[in-house]
Every structure is written in C-alpha cells, then in structure tokens.
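A.B. asks: Here's the letter readout for the chains.
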Amino acid sequence: MKRFPLIAACALLVALVQLDKSGTHLLPVLVGMALAMGGVLVVAAAELSNAKWIVPVKRPLLAVAPVLFVFPLLVKIAPYPWLAHENAWLRRDFFVARDVVALLVVAIVGNLFRRASLAESAAKGKWAVAYILTFAVVKTLIAMDWVMSFDYPWVSTMFPVLYMVECFCAGLALLGLICFARRKSDGVLYDTATLLFGFALFWGGLFFAQYLTIWYGNIPEEVGFYTRRFAIRGGKCLFATNAILLFGIPFTLFLIHRARQNVRVVTVVSLMILAGLLVSQLFHIRPYVHIHLGLLVIQLVIMLGVIAATISIAKDGSKCK
Amino acid sequence: MKQLMFDDKDAFLAKLRELLAAGTKPEQIAVCTPVPVHEAMVLLQVPESKLRWFTFVGAFTGLLSGFGLTIYTVWSWPLITGGKPLVSLPPFTIIAFELTILFGAVLSLLGFMFLSRLPAVKQIVTPVETGNQYAIFVEEDR
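Line by line, the protein sequences give chains A and B. When we follow the working numbering, the leftmost residue of the first sequence carries the number 1, and every step to the right adds one. When we follow the working numbering, the leftmost residue of the second sequence carries the number 1, and every step to the right adds one.
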C-alpha cells in the first residue's frame with residue numbers, strides 16, 4: 001500500500017511532462033536523473049574499488065534504482081531549433097525512440113546491479129562494470145540529445161563528460177543527505193565529504209577547460225555557445241553562480257578538515273550542489289526554453305519527492321528486517 | 001609494551017574504545033593502521049598535524065607567484081596575442097594553478113621532513129611491521 005502514492009506521483013509527473021510543450025520539464029527531469037543515476041553510480045564505483053565504507057549506506061542509495069524506470073516515460077521533445085529542419089540523426093521519431101531505449105537499458109542494468117549488490121552475489125562486480133559502461137554511453141547520448149542539440153551544429157566532446165561528472169556529484173550529494181538522515185558523524189560522512197571535495201575539483205577543472213578552449217579559440221561557431229547565454233539578462237550571473245555552487249563552495253569549505261566531519265556542513269554543501277545542478281541546467285537551456293515557474297516548482301517537488309519517498313520506504317523496509 | 005593486532009577495523013575500534021573506557025590514557029596508546037581511521041584519531045584525541053600549514057603557505061605563495069609572474073611579464077613586454085587583453089585571467093589561471101600545486105607540494109615535502117626530524121628516521125618508523133593489520137600498542141603502567 002505504501003507504494004501506491006508513489007506510483008500515483010510518478011503517473012502525475014509523466015502526465016505533466018507529456019502535456020508540457022514549453023520544455024520546462026528538462027530542468028526537473030535532468031536533476032532527478034542525475035540523482036537517480038548518480039546514486040547507483042556511486043555504489044557501483046565503490047563496489048569496484050572494494051570500498052567497505054559504502055556498506056552502511058548501500059541500501060538507501062540503491063533504493064533510487066527503481067526510479068530509473070520512470071525516465072523512459074519522461075522523454076519529450078522540447079522546442080529545439082532543429083525541429084524546423086530535421087536531418088538523419090536529429091529527427092523527432094528517432095530522437096524519442098533511441099532515448100527511450102537507452103534509458104530503459106540503463107534502468108534494467110542498474111536494477112540488475114542493485115539486486116546483485118544487495119544479495120552480495122559474486123556477479124556484483126560484473127554488473128557494476130556493466131552499469132558504469134551503460135551509464136557512460138546513455139548519459140553521453142542524453143546530454144547531447146536533450147541539451148547540446150539546442151545549439152546544433154555546435155558540438156563539444158567535453159560537454160557530455162561534464163554531465164557525467166555532475167551525475168557523480170549528484171550521487172555524492174544524495175549520500176550527504178542520507179548521512180544527515182542517519183544522524184551519524186562516522187567514516188561514511190568523512191569519506192563522502194572527501195569525495196565531494198575531489199569531484200568538485202574535477203568538475204571545476206572540466207568547467208574551466210570547456211570555457212578556456214572556447215574563449216581562447218574565439219571561433220565564431222564555438223563562441224556562440226557562451227555569447228548567446230551571456231546576452232540574456234542574468235546570464236553571466238547564472239554562469240558565476242553555477243561555478244560557485246558546484247566548485248567554489250565545496251572546494252573552499254572542504255579544505256577545512258573539521259568541516260568534513262560536521263554533518264550540518266556536509267548537508268548544506270550537498271543542498272548547494274543540488275541547487276548548482278539546477279542552475280547548470282538552467283544556464284544551458286535558458287536561451288531556448290521559456291520557463292514556467294509554477295510548472296517547474298510542481299514538477300521539481302514531485303521528482304524530488306518521489307526520490308526521497310523511495311529512499312524512505314527502503315529505509316523502513318531494512319528496519320523491519 | 002602490549003601489542004594487539006586485528007584484521008578487522010570494527011574489532012580494532014571496539015578494542016580501542018574498551019581500553020579507553022577501562023581507564024587507559026590516550027597518551028599510553030599508539031595505533032598503526034593500513035588506511036586512515038578517523039574514528040581512532042578522534043578517540044585518541046590526536047592533535048591536527050601542523051603539516052597542513054606548510055602546504056597552505058606553499059600553495060598560496062604559488063598562487064600569488066603564478067598571477068604575479070604572468071601579469072608582470074605581459075606588462076614589462078606588452079605583446080597583444082589573438083586580440084586578447086594584455087592581462088587575460090583565463091590563461092593566467094593555468095600558470096597560477098600549476099605553481100599552486102608545485103609550491104604546495106614542495107613545501108609539504110620540506111614541512112614533512114622538518115616535522116619528522118629527518119634524517120632521524122625513528123620518528124616515522126613503527127616498532128614492528130604490521131602490514132595490512134590494525135595494531136594497538138599499549139604502554140604498560142610502571
């Protein structure tokens with residue numbers, strides 16, 4: 001019975017996304033996808049490196065895996081400029097078909113990994129490898145199709161990598177929030193904060209590398225990516241906020257050893273990283289999508305609510321056992 | 001000196017808590033672990049290492065030197081490249097970053113050598129080789 005409201009919320013989200021023609025859905029769906037894929041990704045990476053610190057939080061993190069099955073239903077064409085002149089790759093029917101299949105594959109592999117990992121099966125390592133590889137391919141496809149295609153024919157091989165790293169950061173931020181719910185300041189909290197510190201630095205490096213290559217090359221077909229976004233009111237502010245939330249704050253705060261041991265600091269930084277993810281997507285899609293604030297808030301609340309409720313149900317289930 | 005060896009981190013931490021609860025003073029206990037165990041550091045009230053200040057001073061000096069070097073050189077020999085401003089922070093950041101890492105690493109090494117009183121190796125060598133086990137050394141009451 002506990003799952004009925006959850007399924008109803010997912011159905012409502014799917015209906016809202018499919019009825020939305022503005023493209024606003026991209027923001028909540030991409031943030032939710034980063035959390036769901038990232039949560040499973042963190043466990044897969046930890047399993048592959050034989051990390052023992054993940055054991056106490058493995059169950060709540062892997063609880064997000066079933067949410068992956070919602071995303072194939074959330075594939076929706078946004079108002080892409082290429083719709084006016086479709087080509088062999090960027091075509092409505094092919095776009096929807098390949099993304100639905102890709103998201104379904106990552107959901108299936110993610111849930112098979114979840115099952116193997118929770119059962120401590122000998123095959124968990126193989127499923128971890130399969131999930132990481134599938135994730136890399138699918139996330140690349142989603143970043144290129146859903147976001148990068150707004151700027152077609154602009155292409156960047158660094159762009160999908162940025163999305164992959166954001167996914168890992170989202171998974172670690174989710175872990176930070178789970179640490180807050182556990183109310184324990186143990187090794188898990190410290191390791192989560194240390195990994196957040198490392199991945200904030202990694203994200204910062206990629207973000208800067210993407211900007212620097214375009215700035216330095218100064219090629220008209222490339223600089224358009226930034227000039228279009230900076231030309232909009234508040235565009236530069238979004239760019240700076242994105243860098244501060246995903247790099248500046250986690251990097252500076254987690255330089256301090258004691259901050260990594262403080263559950264409140266880790267929780268606040270985790271929330272800032274989630275806000276940073278939203279700002280990052282907003283910066284990317286804003287020149288092309290007219291955001292409906294009300295719709296965005298409703299979709300975001302449902303998306304995050306579904307993820308939180310799924311983790312909460314898994315936590316209650318583990319207590320019963 | 002009593003020596004206790006454990007294969008498991010949890011058993012090691014449980015024993016450490018037991019020893020402290022039994023009245024053994026933290027200064028009588030020395031531990032040797034294959035990986036950093038922060039819970040043990042908290043239990044034994046290990047003061048934070050001064051090494052981080054060496055790293056910080058080195059890194060900060062490197063950062064300032066990186067920006068200082070690049071800005072000074074373009075001002076002393078103004079040469080416009082690719083239509084960019086003379087003082088262009090994006091490419092200068094790379095030099096500043098590299099010098100931050102270099103100076104930070106060099107000063108960390110020097111700081112480590114200074115704090116561990118090298119070349120006197122006694123400060124950094126444990127009484128016995130513990131491999132991948134968690135070890136507790138307890139100094140007996142005299």
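Treat the hints with care, since some could be wrong.
Stated by the list, open to error - List of simulated lysine to aspartate or glutamate pairs, EDC-like, C-alpha gap at most 16 Å:
(1) A:K58 - A:E120
(2) A:K52 - B:D10
(3) B:K2 - B:E27
(4) A:K58 - A:E86
(5) B:K2 - B:E98
(6) B:K25 - B:E140
(7) B:K9 - B:E48
(8) A:K52 - B:D7
(9) A:K52 - B:E27
(10) A:K76 - A:D145
(11) A:K52 - B:E140
(12) B:K2 - B:E129
To be verified - Restraint-style ranges between C-beta atoms, simulated for each label pair:
(13) B:F56 - A:T157: 29 to 37 Å
(14) A:R233 - B:G82: 27 to 35 Å
(15) A:W89 - B:A105: 56 to 64 Å
(16) B:V87 - A:V223: 18 to 26 Å
(17) A:D93 - B:V87: 50 to 58 Å
(18) B:F56 - A:A209: 45 to 53 Å
(19) B:P34 - A:F230: 48 to 56 Å
(20) A:G125 - B:F97: 49 to 57 Å
(21) B:A30 - A:I108: 48 to 56 Å
(22) A:G224 - B:F56: 37 to 45 Å
Unchecked claim - Anything over 12 Å on all C-beta distances counts as not near chain A; from chain B, calculated:
(23) M1
(24) M5
(25) E18
(26) K25
(27) H38
(28) S49
(29) T55
(30) A120
(31) G131
(32) Q133
Keep in mind that the hints were calculated from the coordinates and are not lab data. Virtual Cβ for every residue (Gly too), placed ideally from N, Cα, C.
A.B. asks: A separate judgement is required for each hint: does it hold in the structure or not?
C.D. replies: Hint by hint, here is what the structure shows:
1. A:K58 - A:E120: holds (11 Å)
2. A:K52 - B:D10: holds (11 Å)
3. B:K2 - B:E27: The given pair, whose Cα atoms are some 14 Å apart, holds under the 16 Å limit.
4. A:K58 - A:E86: violated (44 Å)
5. B:K2 - B:E98: The given pair, whose Cα atoms are some 47 Å apart, is violated under the 16 Å limit.
6. B:K25 - B:E140: Roughly 11 Å separates the two Cα atoms, so the pair holds.
7. B:K9 - B:E48: violated (22 Å)
8. A:K52 - B:D7: With a Cα-Cα distance of about 14 Å, the restraint between K52 (chain A) and D7 (chain B) holds, given a limit of 16 Å.
9. A:K52 - B:E27: violated (29 Å)
10. A:K76 - A:D145: Holds, at about 11 Å.
11. A:K52 - B:E140: Violated. K52 (chain A) to E140 (chain B) sits at ~33 Å, over the 16 Å cutoff.
12. B:K2 - B:E129: holds (15 Å)
13. B:F56 - A:T157: 29 to 37 Å: holds (36 Å)
14. A:R233 - B:G82: 27 to 35 Å: holds (29 Å)
15. A:W89 - B:A105: 56 to 64 Å: With a Cβ separation near 46 Å, W89 (chain A) and A105 (chain B) fall outside 56 to 64 Å, so the hint is violated.
16. B:V87 - A:V223: 18 to 26 Å: holds (20 Å)
17. A:D93 - B:V87: 50 to 58 Å: holds (52 Å)
18. B:F56 - A:A209: 45 to 53 Å: At roughly 25 Å between Cβ atoms, A209 (chain A) and F56 (chain B) fall outside 45 to 53 Å, so the hint is violated.
19. B:P34 - A:F230: 48 to 56 Å: holds (50 Å)
20. A:G125 - B:F97: 49 to 57 Å: Given a distance of about 36 Å, which is not inside 49 to 57 Å, the answer is violated.
21. B:A30 - A:I108: 48 to 56 Å: holds (51 Å)
22. A:G224 - B:F56: 37 to 45 Å: holds (41 Å)
23. M1: holds (28 Å)
24. M5: holds (19 Å)
25. E18: For E18 (chain B), whose nearest Cβ neighbour in chain A is about 18 Å away, the distance exceeds 12 Å, so it holds.
26. K25: holds (23 Å)
27. H38: violated (5 Å)
28. S49: violated (9 Å)
29. T55: Not fine: 10 Å to the nearest Cβ puts T55 (chain B) too close to chain A.
30. A120: holds (27 Å)
31. G131: Given a closest Cβ separation of 17 Å, the condition holds.
32. Q133: holds (15 Å)
Checked against the numbered hints above, the structure breaks hints 4, 5, 7, 9, 11, 15, 18, 20, 27, 28, 29 and satisfies the rest.
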